[in-house]
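Each chain is listed here by its residues.
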Amino acid sequence: MEKVSSAKDRLLKSGQDWLGGEFRGKALVILCAVIMISATIAITIFLGTKGLQSFIKDGISLIEFITSKTWNPTDKANPKYGTLPFIFGSFAVTFLSALVAAPLGIGGAIFMTEISSSWGRKILQPVIELLVGIPSVVYGFIGLSVLVPFIRENIGGLGFSLLSGTIVLSIMILPTVTSIATDAMGSLPGALREGSFALGATRWQTIKKVLIPAAMPSLLTAIVLGMARAFGEALAVQMVIGNVKNLPSSLLDASATLTTIITLNMGHTTYGSVENNTLWSMGLILLVMSFAFILLIRYLSARRKL
Amino acid sequence: MNTKTADRIATGVFYCIALIIIAILVSLFYYILVNGLKNISLDFLTTPSSNVRAGGGIRDQLFNSLYVLVITMVIAVPLGLGGGIYMAEYAKPGKITDTIRSCIEVLASLPSIVIGMFGLLMFVNLTGWGYTILGGALALTVFNLPVIVRVSEDAIRSVPRELKEASLALGITHWHTIKTVILPSAFPTILTGIILASGRVFGEAAALLFTAGLSTPRLDYANWNPFSATSPLNIFRPAETLAVHIWAVNTQGLIPDVEEVSSGAAAVLVLSVLIFNLLARWIGSLIHRKITATK
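Chains as they are written, first to last, in my numbering: chain A, 251 to 556; chain B, 27 to 321.
Where hints are given, some of them may not hold.
[Stated by the list, open to error] The calculated PhoX-like cross-link candidates involving lysine-lysine, where the alpha carbons are at most 20 Å apart (straight line), are:
1) B:Lys30 / A:Lys458
2) B:Lys190 / A:Lys276
3) A:Lys307 / A:Lys326
4) B:Lys205 / A:Lys276
5) A:Lys307 / A:Lys330
6) A:Lys330 / A:Lys319
7) B:Lys190 / B:Lys205
8) A:Lys276 / B:Lys118
9) B:Lys190 / B:Lys118
10) A:Lys326 / A:Lys495
11) B:Lys121 / A:Lys276
12) A:Lys330 / A:Lys495
13) A:Lys319 / A:Lys495
14) A:Lys459 / B:Lys30
[Said to hold, decoys possible] To be clear about the criterion: a stretch of chain A counts as covered by chain B if any three or more of its residues have a C-beta under 8 Å from a C-beta of chain B, and this derived list gives those stretches:
15) 295-306
16) 380-386
17) 393-402
18) 452-464
19) 514-527
Note that these hints are calculated values from the structure, not bench results.
Computed from a predicted model, the values in this text were never measured in an experiment.
Positions of the beta carbon are idealized from the N, C-alpha and C atoms, including for glycine.
Pulled out of the complex, with its shape left as it was, chain B reads as follows (with noise of 0.2 Å):
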């Protein structure tokens, strides 16, 4: 065979990768779309689930992923975002910072299953609080701290040198330099990184599953107390997320409209994930455009 017509193959292959890899997306937008679009009515958003009859809705999971979500953000993106000063402003080259590095990946590449069963030993069982918000919140904490620790180091490294400098040389102590001239100029790539993350959080169910339970008690959305056990917002009570749901009506769930649940809260799920993503691309153009008065 001819190079050239080995290479004309070889180039005809790529191009049909390429195009495998955007059919399979698609095809997966295209299925959750359109069979998940027409079940999704103000109705099925506003309407408590069912465990046996046809015609529930999600309310109390979607505002459960919601909940979750920001109790989990609450907790990890001080602790990530100190993570990630100390490792990139702090940190000596030496023992105990390739120490920290290697816990950082071992928690980056835990399977969210083994979070979850540590967060039932710790969380769960060993506190004694049993299924709970907090406890699926810390569970999530530890999957997600890595990315975010890793996405602050990062956006602290990548400011300029100069700015830094600057500001030491003006007799400005090291840590108001991070606290006034390193953190403003590193927010908007650490505040896409966070909302990336939330995107992550939100479809995440294995590490929900033994922390906040498959359940939700019965909730009144007028009580605004967080210690009362029907408060949404009490954070001691098992909340059953969106993702979590899912998992649970094709899986163990008795009621007969499970292909309309699943469809409609799949698209909700990948509707709310595509809304993060567009959300981070937007608001980190925005703050940059802004910050770096470029058009």
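So that you can see chain A by itself, here it is in the shape it has in the complex (with noise of 0.2 Å):
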């Protein structure tokens, strides 16, 4: 039970350590501040220092490592350490399921602003939002125990394959490019819409020739966010993609990215060791190509009209 007190008591009792409060209070949140800007810079320094010693200690060329086509690291006589089928498969997933989340999460967004709004605000959203929710190895189990078999049966090849990552990656990023894709077309002003109609366009003609262009910034946002999120899922991709170290010549054929290699090989190989080194510097290139992701958005966002 707390004790009772006037208020002029309470007032003046807290007028006593209102200075202490309020600096305390400051220093409180500035620290939290500064934690957040020092665990960026330490995930910088520490990444970055980590994987370029693969280069300077271990002497591996910079050149061989991105372009060679080989990665046999296990071989004691000549170890070779090429990642261009690892960076091929991650920029293929990426792009792939991009290119099939696109369309669908535009049309999904253009349906929810433009078509049906109480359709879309009552079963659409919460449908992204569900999507949104489940876990990425969920996706992959899923993918794993009925995808995979159905490639195998009705496509061909072994199941495992790019074209598996590439349907599993593309679901998984719907929802970003959904939901962001949605904010942009909310946010037009509707002025534009009353415009194009009253010209006496048809409502595709508006959607097509005034609200698309006029979105464009932000809808490409929308897709890059989701192909920085495809860039870096490692667990799905892993269980479906069938991690093998050669180029994939198919949509069919087994294929690896980055991130799947650094899962697979990260818990089996020695701490220190030249192997070990190489999947820091896989690590060091999924940063870089974040950074490039939020420069792309960054200008994407600097040229939004609207």
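Reassemble the complex: the two chains are provided individually, in unrelated frames, and hints are given to aid placement.
Quick look at the structure:
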């Protein structure tokens, strides 16, 4: 039970530590902000120095690392550290999944904002939120137990393929693309629509000729954010893509990405060995790419006109 | 082609897209629940997992997931809330604020595997702890911090200006106003955001692979001493969470009943996330009703 005291007492008493509380409070929140900055800097510095070790200490050439097609770190006499197949795999699944998810996501966004907003809000919005909530391992598990056998039996190949990875990733990035695209379309001024309708344009003409061009930079931002997520996704892709070290020659070939190789090998290589160091260099590539995606998004939002 | 026909075709296409998205969700949930629910039983939830034999449960993994979530939130919520208060109330427009904003953006866009690698470097090797719950929770904090900062900043910013001005006009200091006026009013939104973020943390696996590890020591649930090695509450023990377990049994497991275990575990995971979502909505609207006295 709290002690009951008069308002005057409480005001007088709280007056004593107001100054202290004021200073303490500000110091506390500034500390939180400083922790955030230092976490970001620490991540960049730690992963940067660790990722560069394979080039500086182990003397692997950067050009060879990025452009060579042979990955054979366990060969004692002549180990090869070419990561081109994995870099190619990462970019391939990223672009292909964006290619699938972008029309679906933007279409869904247009459905929600232009075609049927009541249905959109009542059904599609919760659907998107639930899709965001499904953990990535569950996507991977379903891909592994449904998609992989389906592709093996009906389309061909082993089932573990670039195609499976692409499909799983497209579904995973669909909610990201849709929700940001919906915000973009929803924030367009109504005058654009009214003006277009008043000129006699149909709804489709308005969407195609007025709304999509006006929202273009934001829609591209939505796609880039989806791609950033696809590029960094690890476990779901690892479960369905097959993880082989060769360059894939078709969509049905098994492949590997930077993230899947890191996931697979980080656990059973010795910390500090050359092979382990090259995994950290791949991590550094992921870090650099995520900076690149941020710069791309900044560039796009600077071009936003509305 | 007539423009009217084109318009009708386009409308049809958009309906199709919406239906495809809904169909994807429905079939995913149908698959998870139909296959998963029949494997969930009290026995499944309360027996420890097995590495080689069939019939293992998910008792330890479920406990670990919840425990890692709690520890993560204990660290991340005060930090994120502090960051949010700073950004909404104290930050002045300028270089420093821009830098902090960029940092949040960078943290938010880092792939979780990269955060896991950072955790491995920092909380596993540098500190010499090995795979620990604390290391996992710290990695998840990094992963989760930007979300909580953003949620609390938005919530604080959306508190009506008049409330703050009235409090300041009464001669209350800034910090005291934040503590007694702004935070209580922003609380429902912040809570909703935190519960939604919890769902994300609960299902996260990539950041935990190299920080909390792929194994759980034999646990004695009667031992409540947090410093004992067999106690479930010990934060310096390795802990395989539910999401990591699903990945591990599918990719490197030897058990014959992979399908049953992982579909059961996946259903538990999805149901938990679903509960987090519903809870967030329910609590949000409940508190909103209580505060604004609307029906």
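- Run the structure past the numbered hints and jot down the numbers of the failing ones, going up. Every hint satisfied by this model.
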